[in-house]
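Using the hints provided, position chains X, A and Y relative to the given structure of chain V.
Protein chains: 4
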Amino acid sequence: MTSFVFRRKLTVAWGDCDPAGIVFNPRFFEMFDASSWLLFEAALGVEAHDLTRSYGIVGIALVDAKANFLKPAKFGDTVEIASRVAEFRRSSFDVEHKLTLDGALCVEGSETRVWAVRDKNDPNSIATAPIPKEVMAKFG
Amino acid sequence: MTSFVFRRKLTVAWGDCDPAGIVFNPRFFEMFDASSWLLFEAALGVEAHDLTRSYGIVGIALVDAKANFLKPAKFGDTVEIASRVAEFRRSSFDVEHKLTLDGALCVEGSETRVWAVRDKNDPNSIATAPIPKEVMAKFG
Amino acid sequence: MTSFVFRRKLTVAWGDCDPAGIVFNPRFFEMFDASSWLLFEAALGVEAHDLTRSYGIVGIALVDAKANFLKPAKFGDTVEIASRVAEFRRSSFDVEHKLTLDGALCVEGSETRVWAVRDKNDPNSIATAPIPKEVMAKFG
Amino acid sequence: MTSFVFRRKLTVAWGDCDPAGIVFNPRFFEMFDASSWLLFEAALGVEAHDLTRSYGIVGIALVDAKANFLKPAKFGDTVEIASRVAEFRRSSFDVEHKLTLDGALCVEGSETRVWAVRDKNDPNSIATAPIPKEVMAKFG
Numbered sequence: 017m018t019s020f021v022f023r024r025k026l027t028v029a030w031g032d033c034d035p036a037g038i039v040f041n042p043r044f045f046e047m048f049d050a051s052s053w054l055l056f057e058a059a060l061g062v063e064a065h066d067l068t069r070s071y072g073i074v075g076i077a078l079v080d081a082k083a084n085f086l087k088p089a090k091f092g093d094t095v096e097i098a099s100r101v102a103e104f105r106r107s108s109f110d111v112e113h114k115l116t117l118d119g120a121l122c123v124e125g126s127e128t129r130v131w132a133v134r135d136k137n138d139p140n141s142i143a144t145a146p147i148p149k150e151v152m153a154k155f156g
Numbered sequence: 017m018t019s020f021v022f023r024r025k026l027t028v029a030w031g032d033c034d035p036a037g038i039v040f041n042p043r044f045f046e047m048f049d050a051s052s053w054l055l056f057e058a059a060l061g062v063e064a065h066d067l068t069r070s071y072g073i074v075g076i077a078l079v080d081a082k083a084n085f086l087k088p089a090k091f092g093d094t095v096e097i098a099s100r101v102a103e104f105r106r107s108s109f110d111v112e113h114k115l116t117l118d119g120a121l122c123v124e125g126s127e128t129r130v131w132a133v134r135d136k137n138d139p140n141s142i143a144t145a146p147i148p149k150e151v152m153a154k155f156g
Numbered sequence: 017m018t019s020f021v022f023r024r025k026l027t028v029a030w031g032d033c034d035p036a037g038i039v040f041n042p043r044f045f046e047m048f049d050a051s052s053w054l055l056f057e058a059a060l061g062v063e064a065h066d067l068t069r070s071y072g073i074v075g076i077a078l079v080d081a082k083a084n085f086l087k088p089a090k091f092g093d094t095v096e097i098a099s100r101v102a103e104f105r106r107s108s109f110d111v112e113h114k115l116t117l118d119g120a121l122c123v124e125g126s127e128t129r130v131w132a133v134r135d136k137n138d139p140n141s142i143a144t145a146p147i148p149k150e151v152m153a154k155f156g
Numbered sequence: 017m018t019s020f021v022f023r024r025k026l027t028v029a030w031g032d033c034d035p036a037g038i039v040f041n042p043r044f045f046e047m048f049d050a051s052s053w054l055l056f057e058a059a060l061g062v063e064a065h066d067l068t069r070s071y072g073i074v075g076i077a078l079v080d081a082k083a084n085f086l087k088p089a090k091f092g093d094t095v096e097i098a099s100r101v102a103e104f105r106r107s108s109f110d111v112e113h114k115l116t117l118d119g120a121l122c123v124e125g126s127e128t129r130v131w132a133v134r135d136k137n138d139p140n141s142i143a144t145a146p147i148p149k150e151v152m153a154k155f156g
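Protein chains in written order, with our numbering: chain V, 17 to 156; chain X, 17 to 156; chain A, 17 to 156; chain Y, 17 to 156.
Next comes chain V alone, as it looks inside the complex:
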């Protein structure tokens, strides 16, 4: 478990919610995706544009995602998302997200992502590459 945690607050919008008046679940996966990018920007101290450019990657591609929905969040709620890398492996890593409302856990999310580059043999395909040591080091 790395020590660098990225936190952000956001207010649930009308359009995030479904007829039950609560956040439509796939929106949480969108929030987690955005938080993963912001986590990397914050940890590495680069902007999103430079993240892909300076490391020569296509992105931090998602291969697996899951979430537990424990308590609903509704229109107007200001929630907090705390995100961190749970584990770095050679070319993949896990990100954990905890979404809370007034300190109570609402959604627990987890993603497995890969360090994705263009395939040298087929530029239309994506391959994985080893995560640079200096990248991992930034997460503590």
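Just so you know, not all the hints are guaranteed correct.
The list treats identical chains as one, so a pair stands whether inside a single copy or across any two.
To be verified - Only pairs whose alpha carbons sit at most 20 Å apart, straight line, appear in this in silico SDA-like list of lysine to any residue: (1) 90 - 31; (2) 82 - 30; (3) 114 - 80; (4) 149 - 66; (5) 114 - 102; (6) 136 - 117; (7) 90 - 62; (8) 87 - 74; (9) 87 - 112; (10) 90 - 67; (11) 90 - 72; (12) 149 - 71; (13) 90 - 142.
Just so you know, the hints here were simulated from the structure itself, not pulled from any lab data. All values reported here derive from a predicted model rather than from experimental measurement.
Here is chains X, A and Y on its own, set in the frame of chain V:
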């Protein structure tokens, strides 16, 4: 594993895709959510409106969702989603979704849902209720 | 033209963008919708929940929306949205949104909304009601 | 007004709807965007991939969009969208969309789009190009 399978085809829209030119992953969870509703409509032979009304439920609320992203789908691809209930328990059940492109598996999704009703003691809250036997029977 | 302006900044997420690498246009309408709600919360000094409850309305329902897309915004751009009520009428009003990037106008949006209540004769329908004078007064 | 009309039906999903139980308005702009692409595929007899490739365009970029929301559509409603090109100009054109439920008009949408190519002098920018005569001819 129940035997009733609901299949539908859909064509990936421009707006479903991200800057990598492939479906933005949270969209798959939206597709699976829609397929779960359509699966119940098809199995029970009722329309969505009547599904909630005639069974006195708020919905089939999601408590857990996960997906593996094996192969990307891109703008214009016509994919097929096959959905079925993997297991019924007292008041919860699991739905499995397989999204394929030309027969090749792209995304495997799985949801745990509950049969959700208004809480008798607190109409602003949601409680679970036993799934009617005749509902389960319709899935084979 | 009222004088109260609500401004907020937001960073374009990966999932807001399409295969051209720029914000998928319907996302701007989502951003404007959220800004309209936040504008009302800020001007009236109430939370979204209380907005609907304390004024006995269903919402500020959209009847007309349009936008001009002048310059694209892309992944990682931090844009500003400035929103104000352009005109109040008896039971409807216009909201103007200007989305800028580094001071340059990217999108101009405009919405016509109505002060929406439950229809007394048909609780499943929506009717319009006169906008309270004290509501209008808060916008300057 | 061209004579070629593209029609499709779709069923409103749970996740398309907001806490008022009706389609969240920006979703209509997503539906219209998808219909515009499908209109071009149908009229030109090519797939989306080939549309961009064979004509050497980046896309049919949106510069202006508007919609009137006359009647709401709700979860489970099967609506029809009829789309046609209202006018072709040198390098831009207007698309009209009518979304109906049981024959009653719910939403009227209109888009202005341009035939968009990569800028020869700046491959990161987009320029407009004349719409080929044979393209216009296919719309009748």
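Hints, verified against the model:
| no. | hint | result |
| --- | --- | --- |
| 1 | 90 - 31 | both (11 Å within a copy, 14 Å between copies) |
| 2 | 82 - 30 | between (24 Å within a copy, 19 Å between copies) |
| 3 | 114 - 80 | both (17 Å within a copy, 14 Å between copies) |
| 4 | 149 - 66 | within (18 Å within a copy, 42 Å between copies) |
| 5 | 114 - 102 | within (12 Å within a copy, 28 Å between copies) |
| 6 | 136 - 117 | neither (45 Å within a copy, 24 Å between copies) |
| 7 | 90 - 62 | between (33 Å within a copy, 16 Å between copies) |
| 8 | 87 - 74 | between (35 Å within a copy, 16 Å between copies) |
| 9 | 87 - 112 | within (17 Å within a copy, 23 Å between copies) |
| 10 | 90 - 67 | between (33 Å within a copy, 14 Å between copies) |
| 11 | 90 - 72 | between (39 Å within a copy, 19 Å between copies) |
| 12 | 149 - 71 | within (12 Å within a copy, 44 Å between copies) |
| 13 | 90 - 142 | between (38 Å within a copy, 13 Å between copies) |
The structure fails hint 6 only (numbered hints given earlier).
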